[in-house]
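Going down the list, the sequences are from chains A and B. Residue numbering for the first sequence follows our numbering, beginning at 3 and increasing consecutively. Residue numbering for the second sequence follows our numbering, beginning at 29 and increasing consecutively.
In short, the hints are calculated from the structure, not lab data. Quick caveat: nothing in here was measured; it's all calculated off a predicted structure. We treat Cβ as the ideally placed atom computed from N, Cα and C, and that holds for glycine. There could be a bad hint or two in this list.
As the list claims (entries may be wrong) - Sample of chain B residues at the chain A side, in silico, Cβ under 10 Å:
no. : residue
1   : N66
2   : T245
3   : I249
4   : A297
5   : Q303
6   : E309
7   : P310
8   : I311
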Amino acid sequence: MHWKSKVLLIALVSFSGLAFSQFSVQQVHVSSNDTNVQLITELQLVFTEPLQQAVDHGVTLQIVTEFGLPRENWYGRGFVLLKEFRYFLSRNALSGRYVVYQQDRGETRTFPTQTEALRHIAIPPIVLIPTVDLDGAENLAVRTFVDTYKLPSPLRLQAFFSRRWSLDTDWTLWPTQL
Amino acid sequence: MANSTVIQKLTHPALAITLSLILVGGLFGLLSVSLDSNTSGSFHWAMLMLNSVGMAVLILLVVLNLFILRKQYNEKALGSRLTARLVGAFFLVTVIPLLLVYYIAVQFLSTGVDSWFDVRVEQAIDDALLLGQTTLESLQQEAIEDIQAQANQIRDVFDRNELARILDSIRQRSGYRELSVFTQNGTILASSSGDASILVPETPDDTILSQVRLGQTFSSIEPVSDQNQILRVAAPIHSRILGRASRVLHAKNALPLRYAKLASSVDEASNQYQQMVFSREPIRENLALTLSVISLVALLLSILCAIYLSRRLVAPLGELAKGTRAVAHGNYSTELSVTSQDELGILVSSFNNMTSEIRGAQQLARRSKEESDRHSAYLEMVLKGLSSGVLAFDEQDRLTTYNLAAEEILGTDLASRVGDIIVSLVEDRTNLQPFFEAISSRLAEENQDWQEEITILGQRGRQVLITRGAMLAFDTSKHSGSVIVFDDVTGLIQAQRDAAWGEVAKRLAHEIKNPLTPIQLSAERIRHKFMDQVDPSQKDVLDRATRTIVQQVESMKDMVNDFSSYAQPVRAELSETKLQDLVRDVAELHHRDDKPVAISFDIDDSIQAIKSNASALRQVLNNLLINARHALSNIEKPEITLGLQIAENLTGDYIDLTVSDNGSGIPTDLRDSLFDPYVSSKSKGSGLGLAIVRRIVEEYGGTVWVEPVKPRGSCFIIRLPMSGTNTDK
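Next comes chain A alone, as it looks inside the complex:
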């Protein structure tokens, strides 16, 4: 396969802030050939204290990284989902290690610290998107968030309405071609 590789380092800025963001998209490497677009993404994931406490108290958090195409709809800009990576982060009480389960691969990894576990999640697998699926789109979008809908119900109410719980990079765009 002949790759016409292009590497782009884009400083992505989400609406939620710059250096102080808990969750942010750090780097996206885009390369493409005639048939596929390859995405190598690097995120920055830092938990707030409530989320750290929740994991340390046996709560399993679901962290989702999504790739999509922006689409203009009747209500404004929407996104068509192309790929999703869902990670389950929990703590094993017996061993005291942090367990990361990646749903799409069915793979479980353990880490001695939360930071290492998050660092693992922050580098999702390489994504290959067929060019035909882009449908001529000039931009692609990525986002990562803590899925508050999957929290235990007693924690949802504060998670729905608190920025300390609902960490989200929001959709971040970058061009598919240079």
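Assemble the complex: chain A is given as a structure, and chain B must be docked to it using the hints.
Okay, now just chain B, sitting in the frame of chain A:
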């Protein structure tokens, strides 16, 4: 209009009922989410949104209804006070028990949640966890000791094939799942695996490698699935040969299933308990919030219910009020719709029956009034057609009804006097005083029926009114007023009197005049035949006797001629006559030197000439002047005043021609009959002069009467119409 329609729709109970059902469902959903942690987050979010929107709409509805109620209250709209009171009562009745229940429920939930966390349970879980950890550490220690022994066994084996063979032997002997040797950088040197599908062994992560590089061993138990855990150990391989670098022996082995299950169970129990502890405050807050929302919804719904219920109760009352207002304004056709069969419905039905009966009574009254109006119109028409004057008085002797003939006979305007009591009617009509005084005294006597001939001085002079009265008594025991009917019979009496005298005059003239000529001729024949034959001494007697007979016959002829002229109608030859000149001309004829009388004039020279028979009027004036001179024969300073003025205080235009003197005056007993034939206060005269005067004056549509003059004398007044004579009548 559009706004009121929107408000009506917004405040319609159907909206509140629908909203209430949605909110009850939403609250039930929210409560179930709060109590069950396995419900989906989407459902949880949907319930939150549903309840938030429902609450907002409910609050909006309550505020809108309260705003409308306040506006109605300020405008003092019917039923607004009752509605406000009911809303207040509902609020109090609801809020007090609701607060109590709310407080108790919050307390109960708080203690209930706290009861989930028992110290002994927590201790047991901690102990179980500690026990599990100790057991696993023991397993790990055994594994470490074993892996260290294996590391010593291969510390001087550097050939990869030999190393792989020995690892395979150790793995089979010790039961490891995977056994590998790496460099300190993580490069694989040799490996043995029990799983044929694994071609490349798992490389230990940096944490393991760095720890082993420090000469320490590493062990960990890692979950790979729900109930499968592996035991991972790593140990340094130190060679006894100088210059050889240390290596890393890395081994993985499945935790025995029994241990794995127990470890998983302990881990799960510990996690759940920790999660419960972590969720304790949020659970309490969620339940408190749910209870608060339920309480608030109950409170708001109770207020809405109170408003709608009050409106439903008050609405028929409002309709009734509108109906009564309509009835008060005379609209008896108001028919209210009966919307319920309860007491209010009975009340509305009773109102409808009442209006129906009033409507019937009103129609009856209207028919009666129409009948009465017809009767009144008929009566008015009859009264208008009557030539007799009619006056009606109420029980307090106030004038209530009159007719046109009454005004004409009395010569006064009665329209402005309706409602005046009878004694006040004479205030500005002194000439009518005898009439109204007579009536007043009759009314005071309260005679049922009476009749009286009343003489007044009307606009045409003396008027004789035949007046009849009757007392009205609609209720036999009570006087209800009187009705007076009167006729002016002046003309009739005079006509009857004149006709009688005319007939007498004609007969007398005929019966007396016929024999007079033979008597006169016979007397002259006797005189002529026997004058020469009688004794001269008797000649003088015969001469005086026959002369007396002839003179008396002549006198009787004159008297008969006067009678004839009285009896004959006046032949009018009308011409424009200036009365001022006529009066002065006739007065000039009566200036006599032997018997001087001072004649003065009170004449209005602005009076226009009228159409009349001048010779007849001269005769009238002449007769009156002759009578005046006779009346002044023994008066020391005789004076006659001739007047010609416009008559005052009368409707219509009349001229008063007056002849007044300062003579002895007319005896009172002769005044009423003075103008009758053969009535005279003089010793001489035929007694026909004034009768002829009256006849001529009346032929010209006038009247004549006499009034005393103070201190002495008489005044003859002839009242003539300014429009001229009226001989056609």
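Tested hints:
no. : hint : verdict
1   : N66  : holds, 8 Å
2   : T245 : violated, 15 Å
3   : I249 : holds, 5 Å
4   : A297 : holds, 9 Å
5   : Q303 : holds, 4 Å
6   : E309 : holds, 9 Å
7   : P310 : holds, 4 Å
8   : I311 : holds, 4 Å
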